[in-house]
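Peer 1: Residues per chain are reported as follows:
Protein chains: 2
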Amino acid sequence: MNLEIISIGDELLIGQTVNTNATWLAKHLTSLGVEVKWITTVGDDADDIKSALATALQRSDVVITTGGIGPTHDDITKNVAADFFESELIFKAEILEQLKRRFEKRGRKMSVTNEDQAWIPEKAQLIDNPIGTAAGLIFEKDGKKCFILPGVPSEMKMMSEKTLFPMFKGQGQTIVQKTIRTTGLPESTAFEKLGDIKRVEQFAKVAFLPKTSGVDIRLTVKGTDETECRKKLEQGVNIVLASVGKYVYGYDDEELEEAVAKLLIKTHKTVAVAESCTGGLLANKLTNISGSSEYFERGVVTYSNQSKIEILGIPEEILEKHGAVSLETAEAMAEAARKISGADFGISTTGIAGPTGGTEEKPVGLVYIGVSTAKEIYSKRLLFFKERLENKDRFVQAALSLLKGELIKLIA
Amino acid sequence: MNLEIISIGDELLIGQTVNTNATWLAKHLTSLGVEVKWITTVGDDADDIKSALATALQRSDVVITTGGIGPTHDDITKNVAADFFESELIFKAEILEQLKRRFEKRGRKMSVTNEDQAWIPEKAQLIDNPIGTAAGLIFEKDGKKCFILPGVPSEMKMMSEKTLFPMFKGQGQTIVQKTIRTTGLPESTAFEKLGDIKRVEQFAKVAFLPKTSGVDIRLTVKGTDETECRKKLEQGVNIVLASVGKYVYGYDDEELEEAVAKLLIKTHKTVAVAESCTGGLLANKLTNISGSSEYFERGVVTYSNQSKIEILGIPEEILEKHGAVSLETAEAMAEAARKISGADFGISTTGIAGPTGGTEEKPVGLVYIGVSTAKEIYSKRLLFFKERLENKDRFVQAALSLLKGELIKLIA
Numbered sequence: 102m103n104l105e106i107i108s109i110g111d112e113l114l115i116g117q118t119v120n121t122n123a124t125w126l127a128k129h130l131t132s133l134g135v136e137v138k139w140i141t142t143v144g145d146d147a148d149d150i151k152s153a154l155a156t157a158l159q160r161s162d163v164v165i166t167t168g169g170i171g172p173t174h175d176d177i178t179k180n181v182a183a184d185f186f187e188s189e190l191i192f193k194a195e196i197l198e199q200l201k202r203r204f205e206k207r208g209r210k211m212s213v214t215n216e217d218q219a220w221i222p223e224k225a226q227l228i229d230n231p232i233g234t235a236a237g238l239i240f241e242k243d244g245k246k247c248f249i250l251p252g253v254p255s256e257m258k259m260m261s262e263k264t265l266f267p268m269f270k271g272q273g274q275t276i277v278q279k280t281i282r283t284t285g286l287p288e289s290t291a292f293e294k295l296g297d298i299k300r301v302e303q304f305a306k307v308a309f310l311p312k313t314s315g316v317d318i319r320l321t322v323k324g325t326d327e328t329e330c331r332k333k334l335e336q337g338v339n340i341v342l343a344s345v346g347k348y349v350y351g352y353d354d355e356e357l358e359e360a361v362a363k364l365l366i367k368t369h370k371t372v373a374v375a376e377s378c379t380g381g382l383l384a385n386k387l388t389n390i391s392g393s394s395e396y397f398e399r400g401v402v403t404y405s406n407q408s409k410i411e412i413l414g415i416p417e418e419i420l421e422k423h424g425a426v427s428l429e430t431a432e433a434m435a436e437a438a439r440k441i442s443g444a445d446f447g448i449s450t451t452g453i454a455g456p457t458g459g460t461e462e463k464p465v466g467l468v469y470i471g472v473s474t475a476k477e478i479y480s481k482r483l484l485f486f487k488e489r490l491e492n493k494d495r496f497v498q499a500a501l502s503l504l505k506g507e508l509i510k511l512i513a
Numbered sequence: 102m103n104l105e106i107i108s109i110g111d112e113l114l115i116g117q118t119v120n121t122n123a124t125w126l127a128k129h130l131t132s133l134g135v136e137v138k139w140i141t142t143v144g145d146d147a148d149d150i151k152s153a154l155a156t157a158l159q160r161s162d163v164v165i166t167t168g169g170i171g172p173t174h175d176d177i178t179k180n181v182a183a184d185f186f187e188s189e190l191i192f193k194a195e196i197l198e199q200l201k202r203r204f205e206k207r208g209r210k211m212s213v214t215n216e217d218q219a220w221i222p223e224k225a226q227l228i229d230n231p232i233g234t235a236a237g238l239i240f241e242k243d244g245k246k247c248f249i250l251p252g253v254p255s256e257m258k259m260m261s262e263k264t265l266f267p268m269f270k271g272q273g274q275t276i277v278q279k280t281i282r283t284t285g286l287p288e289s290t291a292f293e294k295l296g297d298i299k300r301v302e303q304f305a306k307v308a309f310l311p312k313t314s315g316v317d318i319r320l321t322v323k324g325t326d327e328t329e330c331r332k333k334l335e336q337g338v339n340i341v342l343a344s345v346g347k348y349v350y351g352y353d354d355e356e357l358e359e360a361v362a363k364l365l366i367k368t369h370k371t372v373a374v375a376e377s378c379t380g381g382l383l384a385n386k387l388t389n390i391s392g393s394s395e396y397f398e399r400g401v402v403t404y405s406n407q408s409k410i411e412i413l414g415i416p417e418e419i420l421e422k423h424g425a426v427s428l429e430t431a432e433a434m435a436e437a438a439r440k441i442s443g444a445d446f447g448i449s450t451t452g453i454a455g456p457t458g459g460t461e462e463k464p465v466g467l468v469y470i471g472v473s474t475a476k477e478i479y480s481k482r483l484l485f486f487k488e489r490l491e492n493k494d495r496f497v498q499a500a501l502s503l504l505k506g507e508l509i510k511l512i513a
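Residue numbers (this note's numbering), protein chains in the order written: chain A, 102 to 513; chain B, 102 to 513.
Okay, chain A solo, but in the shape it has when bound:
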């Protein structure tokens, strides 16, 4: 089954918005065995949208459009699609009532502009949008389906997962994939550690994806028999794990903080953090997981020396003698975080995120990560690059990685 994505919106053609919607859809459709053959981007222009729809329905089995079904005047996709599929717009009172009720529930009055969302092409089947005002639409023409989805990523994703993807299950060929997520390993080293790539590729196609968080290694097997494909995938995965296993933190979409959260919950342990240069990002990642109150009790962002002294009780001598960015301070911070909270682990970060503020001795990109457990206190020194936000990300990734190491010791 071939599929074409049509991304609609001037913001995509003027380079204001990166087309992450198409990438997200393509990734998920591929994993369902649906082959995405074309992605076409057009502006909010009736003629261009119609021309894109005509071309797509001619060369592809299924078409998905995103964008242009919001309530404002520049959203024209619904009307253009109704016109293209020769369908009248009819007013659906029940949709208006549903929208009104949703606004009321949140204590807000629905604005008049949203009434337009209750006008629906009569030939279209609706796709429920639980979090927005624009329903999705399904048109059929010459036995081919065209799905009209919103461009707001959260709405598009939820509607795809709830309604769209289940329709495609079992329709495509078998494509099985596994992404092995590693951290603490440069791409070239990951590649070299695998040795002759043919050892893996006799079973599965291999792709390396370097990211700030680490290197993802993706294995893909296509075929007709699922059992056969899965067996080959497993054989490929095992070879990769034998080479780089100790750098692996998770699979597919799993983030390092999810892996850490699972281990914390499994071992009934808690963690407290004391952050300087990461400025709250470590706590933020640890609390991004639903149910985090089970293992995360508190965090402090002690940016100034004064706050390190007042909240954490770091001795002034340490700060004066070794500086705020030092292994001594990192260790004292981690220890204090654990002690004042009563948590099982204390993790700290102190460094220079940049892009300014570095010295020859303590350059931008330098970080000390402190770890305190019931048994020991230690710290790790790492040196990354110049870019502030990437550095914060890398520092946090390294901190989570050390915490994961401690947790794995407990279950090994």
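Read the hints as simulated data drawn from the structure, not as lab findings. One or more hints might be untrue.
[What the hints assert, rightly or not] Derived CB-CB ranges, DEER-like:
1) A:484 - B:394: 17 to 27 Å
2) B:355 - A:411: 29 to 39 Å
3) B:172 - A:406: 26 to 36 Å
[As the list claims (entries may be wrong)] DSBU-like cross-link-like pairs, simulated, lysine-lysine; straight-line CA separation at most 35 Å:
4) B:201 - A:294
5) A:299 - A:510
6) B:312 - A:128
None of the values given here were measured: they were computed from a predicted structure. Idealized CB from N, CA, C, for every residue including glycine.
On the provided structure of chain A, position chain B as indicated by the hints.
Peer 2: Below, chain B without anything else, positioned relative to chain A:
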């Protein structure tokens, strides 16, 4: 002048790589006054590439392709383009020599695979690639130009800036744009507040872009005379500002935390935060700005009741009587953050990020944001949606917005 971008590569169609090349090109071409009308993505497939070229050359004045001209077996764009434009490949010894010299200069031996890069379609003009092995190509057909560029972002960008963009200078029309960034206003309400959209559109085309962070309102003026265009843009912007000015936090790429940081630095004020449900994200955003130590002194993530009592000294009676998610707790947290840090402003968040943990009285998406200044303490109750990470984002955006309001009072 209309232009079409053809992005070539399987990695784009399976969702492995986000198409940032097209966005980058579109942004720069737009600023040169070139109108990008279509972006087409195809895989590494000869028939599809030819079909995309044929369609593009029919409907657009200029075509740019990226991707598929590297040295390995899966790069087929050069051969397919030569075939499409009916051009023989000829061996250019001087290109091979040039490549060999470049490898030698870096102390490396050129691999045999790269010899293929010296085979060039005879009808093509070359675009020098100073940092890679694949030269760019320019074909002409029926008076229309087609530029073939590599997909490696650094190579594509350098070749565009050095060779491609200078060719377009003065060829396009004038396009001027301004994006007005708002927060705290749903898209439909923003639209209604502008009144009759024609008042603005007599000067500039208006587009609404809803995001988690708020609604962006983009104004665009196209024309021939730049002064005239800028004047119209300003007139349009002024009408928008008169209607929604108090929700505006910045322009174009500026983030709310950047706007807040600028105001804090300008007014020489400092802020301390006490977060519960946002789990460090507020501190993280405030410290994403280089130089944040000037205004950010400390933050605490008091996730548990115990930590609220111990670090912030929140009275147990408040937590027992009103609960952790209450305006009383929010205000006590904000006040404590300000008092214990000596900062000018204390900001707090307490709520239910979800997706679980809500009750009928206190549902998922509910947040209280506390503000403490030297003059007053107050809090704001807001109710958002079900999705944890989006809720955290929205809570933080609302908190930054309140802080911005306080700072604006100081300079008004």
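Peer 1: All the hints need checking, so say for each whether the structure fits it.
Peer 2: Going through the hints against the structure:
no.: 1; hint: A:484 - B:394: 17 to 27 Å; verdict: holds, 21 Å
no.: 2; hint: B:355 - A:411: 29 to 39 Å; verdict: holds, 34 Å
no.: 3; hint: B:172 - A:406: 26 to 36 Å; verdict: violated, 54 Å
no.: 4; hint: B:201 - A:294; verdict: holds, 29 Å
no.: 5; hint: A:299 - A:510; verdict: holds, 34 Å
no.: 6; hint: B:312 - A:128; verdict: holds, 22 Å
Violated hints amount to a single one, hint 3; each of the other numbered hints is respected by the structure.
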